[in-house]
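Go ahead and model the full structure; you've got the sequences and the hints to work with.
Residue strings, one per chain:
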Amino acid sequence: GAVVSQHPSWVICKSGTSVKIECRSLDFQATTMFWYRQFPKQSLMLMATSNEGSKATYEQGVEKDKFLINHASLTLSTLTVTSAHPEDSSFYICSARGGIPHSGANVLTFGAGSRLTVL
Amino acid sequence: TQLLEQSPQFLSIQEGENLTVYCNSSSVFSSLQWYRQEPGEGPVLLVTVVTGGEVKKLKRLTFQFGDARKDSSLHITAAQPGDTGLYLCAGAVVGYGNKLVFGAGTILRVKS
Chain R
1 GAVVSQHPSW VICKSGTSVK IECRSLDFQA TTMFWYRQFP KQSLMLMATS
51 NEGSKATYEQ GVEKDKFLIN HASLTLSTLT VTSAHPEDSS FYICSARGGI
101 PHSGANVLTF GAGSRLTVL
Chain X
1 TQLLEQSPQF LSIQEGENLT VYCNSSSVFS SLQWYRQEPG EGPVLLVTVV
51 TGGEVKKLKR LTFQFGDARK DSSLHITAAQ PGDTGLYLCA GAVVGYGNKL
101 VFGAGTILRV KS
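Here the protein sequences come in this chain order: R and X.
In terms of my numbering, the first sequence has 84 at position 84, counting the first letter as 1, and numbering is strictly consecutive.
In terms of my numbering, the second sequence has 24 at position 24, counting the first letter as 1, and numbering is strictly consecutive.
None of these hints come from the bench; they were simulated from the model.
Be aware that a few hints might be false.
[Unchecked claim] Below, computed lysine-lysine pairings styled on BS3-like, alpha-carbon distance capped at 27 angstroms:
hint: 1; chain 1: R; residue 1: Lys41; chain 2: X; residue 2: Lys99
hint: 2; chain 1: R; residue 1: Lys41; chain 2: R; residue 2: Lys20
hint: 3; chain 1: X; residue 1: Lys99; chain 2: R; residue 2: Lys64
hint: 4; chain 1: X; residue 1: Lys70; chain 2: X; residue 2: Lys57
hint: 5; chain 1: X; residue 1: Lys70; chain 2: R; residue 2: Lys41
hint: 6; chain 1: X; residue 1: Lys111; chain 2: R; residue 2: Lys41
Structure below.
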């Protein structure tokens with residue numbers, strides 16, 4: 001079945017450094033990928049929509065310069081948390097549209113998530 | 001205000017009991033999905049419903065889409081500890097582009 005691979009699964013970094021998270025669709029092409037942030041025991045909060053070959057669309061309140069998104073190919077989107085601070089610590093999840101045959105255009109395949117801890 | 005209201009937020013039941021989770025909205029959805037998520041992992045798709053009044057069954061799970069496509073429910077029969085997790089409904093709102101809107105989630109704990 002469709003697989004979205006997210007890497008790294010977890011990362012610990014020092015305050016002020018930048019961290020890059022990769023999201024890959026392994027066996028299908030994804031022109032659109034989504035990045036979410038999730039706090040413990042809460043739902044997913046959409047941060048931005050990543051569009052292959054064009055600029056990402058950010059949700060209201062999400063800082064574009066803080067969370068850099070690049071979608072350079074049909075199978076890879078990256079999220080870079082720049083100058084990370086402890087309040088950026090969270091579980092970040094990506095998803096890609098498609099990859100599940102006959103499921104409709106709105107069904108998403110999710111990555112396993114990346115837990116970021118900023119010290 | 002949440003576009004998609006999900007309830008209850010938390011449910012703790014004994015093994016063997018039945019339960020129902022609800023998702024409601026004033027908006028019409030072109031489709032609605034239910035996902036299950038375990039700690040430290042991404043959500044996994046359980047089902048997609050697209051037709052008003054549609055009922056889908058997945059073993060002990062029964063999913064229903066309201067006639068007006070504004071609400072949905074997930075019913076679990078004879079819950080088992082393995083059903084424990086976060087259940088999320090997500091809908092594609094008509095006229096809202098293809099962006100999925102997520103409910104707040106229901107944390108289900110099934111005790112043996």
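Hints not upheld, ascending by number: No numbers; nothing is violated.
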